[in-house]
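Protein chains: 2
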Amino acid sequence: MKKAGATLRAGRPTTATARPTRPAANASDRSSVSARGKPRYVYRFGAGKADGRADMKQLLGGKGANLAEMTNLGVPVPPGLTITTEVCRLFYEAGHKWPAGLAQELEQGMRRLQEVAQKGFGDPANPLLVSVRSGAPVSMPGMMDTILNLGLNDRTVQGLITRTNNPRFAYDAYRRFIQMYGNVVLELPHHRFEERLAKQRASYKVQTDPELPAEALRELVEQYKHVVREAKGRAFPDDPQEQLAGAINAVFSSWHNERAVVYRRLNNISESLGTAVNVQAMVFGNMGPRSLTGVCFTRDPSTGERVFYGEYLVNAQGEDVVAGIRTPLPIAKLKEEFPPVYKELYAVGQQLERYFREMQDLEFTAEEGTLFLLQTRTGKRTARAAVTIAMDFVKDGVITREQALLRIDPLQLDQLLHPGIDPKAKPKVIAKGLPASPGAAVGRAVFEARRAVELAEEASEPVILVRQETSPEDIAGMAVSQGILTARGGMTSHAAVVARGMGKCCVAGCSDITVREDEREFRAGDVVVKEQDYITLNGTTGEVILGQAPLVQPELTASFRQLLAWADQTRRLGVRANADTPQDAKTARDFGAEGIGLCRTEHMFFAEERLPAVREMIVAKTTQARKTALAKLLPFQRQDFIDIFKVMEGLPVTIRLLDPPLHEFLPQDDEAIKRLAEQLGLGFRELKDIVHSLEEVNPMLGHRGCRLGLTYPEINEMQAQAIFEAACQLVKAKVRVQPEVMIPLVGHPQEFRIAKRTIEQVAQATFKRLGTSVKYLIGTMIEVPRAALVADAIAQEADFFSFGTNDLTQMTFGFSRDDIVKFLPHYLKERILPADPFVTLDQEGVGALITMGVHKGRNARKSLKVGICGEHGGEPSSVGFFHRAGLDYVSCSPYRVPIARLAAAQAVLREKKA
Amino acid sequence: MKKAGATLRAGRPTTATARPTRPAANASDRSSVSARGKPRYVYRFGAGKADGRADMKQLLGGKGANLAEMTNLGVPVPPGLTITTEVCRLFYEAGHKWPAGLAQELEQGMRRLQEVAQKGFGDPANPLLVSVRSGAPVSMPGMMDTILNLGLNDRTVQGLITRTNNPRFAYDAYRRFIQMYGNVVLELPHHRFEERLAKQRASYKVQTDPELPAEALRELVEQYKHVVREAKGRAFPDDPQEQLAGAINAVFSSWHNERAVVYRRLNNISESLGTAVNVQAMVFGNMGPRSLTGVCFTRDPSTGERVFYGEYLVNAQGEDVVAGIRTPLPIAKLKEEFPPVYKELYAVGQQLERYFREMQDLEFTAEEGTLFLLQTRTGKRTARAAVTIAMDFVKDGVITREQALLRIDPLQLDQLLHPGIDPKAKPKVIAKGLPASPGAAVGRAVFEARRAVELAEEASEPVILVRQETSPEDIAGMAVSQGILTARGGMTSHAAVVARGMGKCCVAGCSDITVREDEREFRAGDVVVKEQDYITLNGTTGEVILGQAPLVQPELTASFRQLLAWADQTRRLGVRANADTPQDAKTARDFGAEGIGLCRTEHMFFAEERLPAVREMIVAKTTQARKTALAKLLPFQRQDFIDIFKVMEGLPVTIRLLDPPLHEFLPQDDEAIKRLAEQLGLGFRELKDIVHSLEEVNPMLGHRGCRLGLTYPEINEMQAQAIFEAACQLVKAKVRVQPEVMIPLVGHPQEFRIAKRTIEQVAQATFKRLGTSVKYLIGTMIEVPRAALVADAIAQEADFFSFGTNDLTQMTFGFSRDDIVKFLPHYLKERILPADPFVTLDQEGVGALITMGVHKGRNARKSLKVGICGEHGGEPSSVGFFHRAGLDYVSCSPYRVPIARLAAAQAVLREKKA
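In the order they appear, the protein sequences are chains A and F.
Counting in my numbering, the first sequence runs from 64 upward without gaps.
Counting in my numbering, the second sequence runs from 64 upward without gaps.
The following block holds chain A by itself, in its conformation from the complex:
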């Protein structure tokens, strides 16, 4: 490559007002092939003309595609070129080598760049300096490497001094370049340079870098070069071509650096995308008092308000805005101080927003009063802002309602429904677990449910229950806690499911901590948290924080309600909630649930005043004794159902019969067994034998679900009686009720048949006794793989199916949700699984069983109602699957109902598109 001798001045386009129409999407095939007929590797932009376009993000990365588009739009952009993501893939395939032809295309591109910029790369008189940046198809801010001021050496720095008449600026640019290049390309640790810088500050007796004079910086350049020579055994490369090649390689390599890999894993971004490399002429916000740099949003990213929002620093480089050493000025100040720059920036922002039909996040620099845009992209925003902006766009006719519905990430809505940690806080994170239930909570650590109740109710202290893992025995303690932290268990562990149902924050499966319940403490590395110490949980990120972090409260806006109303008009899927108490049911209705899809009766068994009767029932030695104990529970259960039916008046309520293994209701440690034995009038040894005999090796696959009600039909009888008595009582009081009795864990049609017979007999007897009757359905969970395989036979008996995708996932994979934390992190890290199947439905495996179940079920009974009540009912991609599978409704925890409503609407819209 030759050095270009031309000395043109800037890359500003001459026709900034021209606004080209958006190019046709199918034009991209043509332009991705070079004139030689081979795939094109280098795309140029500058002087109002670019090879690429915005819809070429896959090939040019987001940054490159948008720089091209902006150039075409007439927005002032420093000229440059983009090396495609395709090159990145070839680079890796060839073992970190450039594909044939790249060098030549790059040389041509650089020649054109020099022409447009009217500067010469390596030209000592009028040097072209460039930035070399990554730009992936999906935004990965700060994850990969960037090098600025490339092209400087001992000769070109002199040109820069001459042209800017600012030696301090020039040497500062030079020493920054060496430092950045040394670190990124030559892989020298930062501190090697920082030590020299600190020494220099000391010798010059100044506090901050900006106070260092030009001379000090010039010396620093020499010292830095010495550092490099010493460490690498050779001189810092002063050939700009060599610098450029090294920087390009470093950016490609950074695609696989650890933080980028982690970021992609966390954000579910494919490894195979690759990154593009953008080489762009430098412009300087730090060239003097008429230079500045900043970032701005076309709307307020926190609230969505239609205000021009941002901040800038005079005489500074972009990194200074981020570093936070100097406090940036609000954008309103720009209007006062640099009115032409502000005016042009504002106009460009509006133009880009209109053009992309999205709120924009802009990076800009004014060099000596001349504005340049360095980047534009869709701005990240809070959920609240996302909703407001979408609504405003609809109001202004920029996008349609359908586009607005598609534009909101349903998962983000969670933010609107839960408190969060103040983003301005700098909390001390001591551990990280699974983000099992969103929101944030502050409280005193307690290690026992009973202690949680004492502290919360008697001392009115906010508490956080910390357990190895929770069990149904802990319900009371969970109910009074602000949040729950467990060391074990996955996204659908007991703690996670119950917490989500309660709308309570939960961090589960936090293997970073060791919980010692007996010593009332937990350890996270060196930190020991004792009972009553304050901690804060972030259930949205999974972070565990020492002390009390400041919280911000959620807010439900009118825009939000409007959006959901539109969603309701669009969707086909019904949305119900999983709710076990009248309070849950109330929350569910408030969030728009159209019924209860899962009311778990076991949670009702744990209330303090009922547990003795439950235990009496369990240890009963005869059917008669069991019936006597159950008779004590009947009034409680009946009242539960009366209260829930009332709240849900006119809507269906699906009640699941008792599901968990009985040992969950009995104490495990000798002390508690001793106490209970006294209460029940049994010998300690006798009760211990009973407890022992109820233990199971794999309780998830044990004596639970319909197996309980089949071996002890009197349990089903009592529950059915409570349901029908409650329903009849309300019908007499003119309250409309729609009970749906659901039999859990059915795998064989005969299980269903026998349980159904019992329920029907109780219903008929109750109706006769009370002199009224109620319409009801009897259906089953489909949660055992076998049930899906023989769904036709089951549907001959059942009025409805409700897929229990938690258990179905457990058994289809053979994964215990309580133990998955042992290997799931590794599985996700190594991409053995694409996602946690307890969060995102496994459509290929579990989904195949669901599709089969729906198909076979409906074949056998046309009128079969089919829903799903696992945790996946509130996960957007899974909701999309359920829509396509033809389900009638999804049911999820009350706080997920808005998410499901939106996701169900999106499913319809996506189907239309396809």
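Hints are not guaranteed to be accurate.
Heads up, the list lumps identical chains together, so a pair's fine if it works in one copy or across two of them.
Within a straight-line C-alpha distance of at most 27 angstroms, the following computed DSSO-like cross-link-like pairs (lysine-lysine) qualify [what the hints assert, rightly or not]: (1) 737 <-> 751; (2) 892 <-> 819; (3) 495 <-> 751; (4) 819 <-> 795; (5) 690 <-> 892; (6) 892 <-> 684; (7) 649 <-> 797; (8) 295 <-> 160; (9) 751 <-> 593; (10) 684 <-> 495; (11) 458 <-> 443.
Bear in mind the hints are in silico, worked out from the structure with no lab data behind them.
Given the structure of chain A, go ahead and fit chain F onto it with the hints provided.
Frame of chain A; chain F shown alone:
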């Protein structure tokens, strides 16, 4: 109905030599409809002519059909009639009422019977007495009720006295009739009658009933009638018609008595079959010294030898032979004492055996020297006899080889391979569990594996290991025990599987006992068995016996080997064995296994000299430390494989990589943890935390299978290295080896892909290092439902599939095999499930996944080898399914190999037939 006045003498046919040809099977439709065009309810037989035939068992029951056939064959049979099983069903449907027309048909039948018998029913001069007996389509010996001597009253008894000139005989018949009828029809308890009988003995100062004179019996008749009047408030019915109707009803009702219901459940007999009722003229073996009664077999039912075998009693009734008060005489004695009777009986036996082409079990009576056959049926026999008889029939050209193969129940072969309890012993059964591994064992109870080893090895005592449940830690203890008894766990629990593999007797899931390991005792009701007390187990029946029962040893006959050779020529399925040690492998080859289908490597990890290294590996905190520990295990594993490969030379050996969760290798109680901590140089608390952290809520669904080798690839590496080093070493020594590496618990193709890559890398490295190579396969278990659902994707990578039907059954049903004992007995009792799915493959559910897996797998890879290595591989009906599903082989425990060979042959023959 009128009383018949005729006084004919006997039902002997006039043409006893005529031998009709076997009737065509399709003739049954015609004859099952009466002349009136309605279904016929009553079938008559007598005087050489019968309405029914042998192939009408469904309608007439086994007894009725054979009585009809015998009559037609000219065999001397007392005349009678059979009321069909159809009537039994109608009787229940109508709420214990007779269908219209039955009374009339019965009257006609009784009229004909009186004509043939030449006696009158209720005729005081020449009374016809009848027996009323049940007769189901399937033999249910002794399960239902029988009434003899019906037709007696105060008048007819006088006729009997006159005709026999034997008042003692007549009154004895009369009092027996009242007692039997009172008990069966009137439902009075036996003791009410027995008390009177005892008093009468006392007054007459005699010891036994036969010593009572006629007068005493006459008095007893009056006393019995008094008993009835007092208890029922009305007189004993003296109208023979009323007696007959009552008896018929009682027999129908006995179809649903408790013991019959239990018997059908145990023997898998349908409830809907119903029983027929046979009304037959009485003949008396107790009419005097020329009368006799007995039972005989046409061959020896124990050995199968071609000898006429049986016993008889002179002047006795059939029940006396069974009661065992008098000692019967061997049939040889009959030849000496009653040559004409013997000759005729022998001829009839031969005739029937030839006719039915089966060894016959005959009941006979000679009344005053005249022979009558009361029943003939296929004789029950031991496995040894069954094989010998079938072989002899083939030799004699009576049946074909194919018929012989189909005639042997494969399950019965188990008897030939294990010791049993001497059938003559009367053991004290104290509890009953699941018959988990066949055979019998005697030993001293021990409650800890370590104690088992001490007693067995140091004191050379036979021991039986009694545990709540066993875990892999108990292996050493199990190995030295004669048998294993557990209180929990099903047919495929750890104890059951390991015991079967070892060919050791096991009773599992014995919920009748309470095991207190800490107190070294178990309780069964009131019986307390302490350490070192002798017990005996019967693993074939599930019985637990107090003390030392006498055992008999098995014997392998030439006939048996011949039968299996024929089976091998017939079958298509390959038969392999599950074997973990060279000894197992040797047994497997001896029993005809064609390879090892499952070699579980974990059992190798428990050996005493290896466990420390295994534990070191588990507690290792770094990959390096883990590798160091694994390196210590490598030589052991390599030697294991060398030894097994040698035994299996030339045959494939499928080695499964480590499968069980790691916590199984660590101690659980504080004492043992303390000891281990010292050994490993760790703190007690530290090790306890590690043990704690490895615990799982549902270990069956936890960190096991390929999940282990994926999270710790160094484990897979070590195992692969051991396999390939062993194989290379043998190849160099000219030993042919066929290793097949099997990856367990794969659910996602990516799991397989990654594990396979590791194994291939190790293989290549090993081959290169050792300068040789070995052909090998890498395949996977299909044991997680998801694997079957995505079998096409997995087959793209895998060389073979092996269905792990134990785990597949667990996950498809959601049944933990260790916990199923809590509800399975109830499920089987209530017929919710037709069979234990861990014993008999659930073809409908689990089978659907297998069919899908085979289909998808072969679609993706034509050459895919498909087998099964769950416990079902040795269960005949499951083997039939695997044959039909197109599998290449089954693999089962060595002792089941002969069963699988025969079952596989039968599958081919049944397919041909269909």
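Checked hints:
1. For a Cα distance limit of 27 angstroms, the shortest separation of residue 737 from residue 751 qualifies both inside one copy, at 8 angstroms, and across copies, at 26 angstroms.
2. In the homo-oligomer, the alpha carbons of residue 892 and residue 819 lie at most 27 angstroms apart only across protomers (18 angstroms), although the nearest pairing inside one protomer, at 46 angstroms, exceeds that limit.
3. Taking the shortest alpha-carbon separations for residue 495 and residue 751, only the inter-copy value of 23 angstroms comes in at or below 27 angstroms, while the best intra-copy value is 38 angstroms.
4. Taking the shortest alpha-carbon separations for residue 819 and residue 795, only the intra-copy value of 25 angstroms comes in at or below 27 angstroms, while the best inter-copy value is 67 angstroms.
5. Taking the shortest Cα distances, residue 690 and residue 892 sit within 27 angstroms of each other only across copies (22 angstroms), while inside one copy they are farther apart (52 angstroms).
6. Taking the shortest alpha-carbon separations for residue 892 and residue 684, only the inter-copy value of 19 angstroms comes in at or below 27 angstroms, while the best intra-copy value is 51 angstroms.
7. For the homomeric pair residue 649 and residue 797, the shortest alpha-carbon distance inside one copy (20 angstroms) is at most 27 angstroms, but the shortest distance between copies (78 angstroms) is not.
8. Taking the shortest Cα distances, residue 295 and residue 160 sit within 27 angstroms of each other inside one copy (21 angstroms), while across copies they are farther apart (106 angstroms).
9. In this homomeric assembly, residue 751 and residue 593 come within 27 angstroms of each other (Cα to Cα) only across copies, at 20 angstroms, whereas the closest approach inside a single copy is 32 angstroms.
10. Taking CA atoms no more than 27 angstroms apart as the test, residue 684 paired with residue 495 passes between copies only; the shortest distance there is 20 angstroms, against 47 angstroms inside one copy.
11. For a Cα distance limit of 27 angstroms, the shortest separation of residue 458 from residue 443 inside one copy, 21 angstroms, qualifies, whereas the shortest one across copies, 89 angstroms, does not.
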